[in-house]
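Colleague: Since the structure of chain A is provided, determine the placement of chains B, C and D on it from the hints.
Protein sequences appear in the order of chains A, B, C and D.
At position 37 of the first sequence (counting the first as 1) the number is 1135 in my numbering, and the numbers step up by one without a gap.
At position 69 of the second sequence (counting the first as 1) the number is 1167 in my numbering, and the numbers step up by one without a gap.
At position 63 of the third sequence (counting the first as 1) the number is 1161 in my numbering, and the numbers step up by one without a gap.
At position 83 of the fourth sequence (counting the first as 1) the number is 1181 in my numbering, and the numbers step up by one without a gap.
Simulated from the structure, these hints should not be mistaken for laboratory data.
Just so you know, not all the hints are guaranteed correct.
One copy or two, it doesn't matter: identical chains are merged, so the pair holds either way.
To be verified - Distance condition first, Cα-Cα at most 30 Å in a straight line; then the derived BS3-like pairs of lysine-lysine:
no.	residue 1	residue 2
1	K1169	K1231
2	K1186	K1152
3	K1169	K1152
4	K1231	K1186
5	K1169	K1186
There are 4 protein chains.
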Amino acid sequence: MGQSYHTTRRVEFRDTDAAGIAHFSVFFVYMEQAEHELLRHLGLSVMFHDDHGKISFPRVGARCDYQRAVKFEDIMDIEVSIVRLGTKSVTFEFNFSHDGQAVASGQTTTVCCRLSDTGPPQSMPIPTWIAEKLSEVVV
Amino acid sequence: MGQSYHTTRRVEFRDTDAAGIAHFSVFFVYMEQAEHELLRHLGLSVMFHDDHGKISFPRVGARCDYQRAVKFEDIMDIEVSIVRLGTKSVTFEFNFSHDGQAVASGQTTTVCCRLSDTGPPQSMPIPTWIAEKLSEVVV
Amino acid sequence: MGQSYHTTRRVEFRDTDAAGIAHFSVFFVYMEQAEHELLRHLGLSVMFHDDHGKISFPRVGARCDYQRAVKFEDIMDIEVSIVRLGTKSVTFEFNFSHDGQAVASGQTTTVCCRLSDTGPPQSMPIPTWIAEKLSEVVV
Amino acid sequence: MGQSYHTTRRVEFRDTDAAGIAHFSVFFVYMEQAEHELLRHLGLSVMFHDDHGKISFPRVGARCDYQRAVKFEDIMDIEVSIVRLGTKSVTFEFNFSHDGQAVASGQTTTVCCRLSDTGPPQSMPIPTWIAEKLSEVVV
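Chain A on its own, in the form it takes in the complex (with noise of 0.2 Å):
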């Protein structure tokens, strides 16, 4: 069992929206930010190599539900966690509060897959030695 993993995020001007709050849409942003952080903090990264070719692991799906509007220079934390982690895919966890309220919470889904510059992405098993990395933030 692993644990999760926190960062923190201020909510730049870009951020918002004419509504005077952080844009729904950039926590999908926001999202795939704390992913690499994440990533990066466990060594690993967006794009593999191994004897065949390239591994990535292409988006099938991404969430978000909203519960309090944050504003320009909010500070949010971000809790990240991997709530599934199958043979080929990955489903991301992310909870977002400021002042220790909750703000949004999101999943995103990840599948792994062998690039081809000739034809699109296949699906394949996870790499051992990646799916014992992402374990360690499994909760």
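Modeller: Okay, now just chains B, C and D, sitting in the frame of chain A:
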């Protein structure tokens, strides 16, 4: 029983990423733009005023599933409809396709709220005249 | 002597910020989209291939001056022209207006380059057939 | 004579485009974020209140020249300074570098304005206490 609304969208260069495809987060921006275009088509807007003040529809949830990547300058067809018109909330559905093949499908849920300068938005029943217009695209 | 090209652009909600107006940075995205639309109109593209490989036009400079703010759903007229067509570089000019009043004016400069997989882009003279098409909008 | 301010910035995946590099428009967002970080460092903000109402600094101009491309996860050093502190306006300069090599340099100019609910912003002299803090980074 209403009828879905159709619009199109070209993938702009800023919408792409270093993987060479439209970034997953831009689909949420496309969904909002298609929703706003639909509201204008119905004679509605994103903000209303009545005798008691301002009414708007903050987003409480958004999701998207991805079937196929699209690239710079690809033109997508977007089919928009309402799959649930509740007393206080609306769920829009968006089906993106390119050259007749499914690219992505998403949903956003908004809640009718009275806005206040002194506190968070308060949910309220959707005014009848707005609900009647929205019902034109309930499928 | 050529003639400028005209297009329009609606300010989308994601383009606004907490000041209630279109964010200054989105004008650079509008400029690129108007430039690409013009290139398509002229029968050109952002990437070309000849016997020696790929040719493209990386941006070396961009600027914008702002006269007036625009808001969500404002529709701007954008006038695009080329104010300098050099041997290797092109300077586009963009004049944004709304309801007949100047909103902003900007310029971008791109340089014709041969792309390489092994090093940075190398500048080269603009091929004659491309320069001829671009000259249609030199003012 | 003041001293420039330094910060860093990692190129995030959403900042890249299909050319595989940071999109030219994101440098304007980086500039604004670095400016806001500097303002916080100086004990200032983007919006002020005095006895007569709200004061802010709308942007009237922005420019950037590009020397070298940066890629996903590259970390840039950003040097921020004020190259002109006028009676009513401020010109910030930003120098971006990566691994000791120049990437881009830009400027933004803002004008001190009183905001009004009933008309456009009116320019006014920069209040002395704000000018004094800004002078710390005039070079």
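Colleague: State for each hint whether it applies.
Modeller: Evaluated hints:
no. : hint          : verdict
1   : K1169 x K1231 : between (35 Å within a copy, 25 Å between copies)
2   : K1186 x K1152 : within (15 Å within a copy, 36 Å between copies)
3   : K1169 x K1152 : between (40 Å within a copy, 18 Å between copies)
4   : K1231 x K1186 : within (15 Å within a copy, 44 Å between copies)
5   : K1169 x K1186 : between (38 Å within a copy, 25 Å between copies)
In summary, this structure violates none of the numbered hints.
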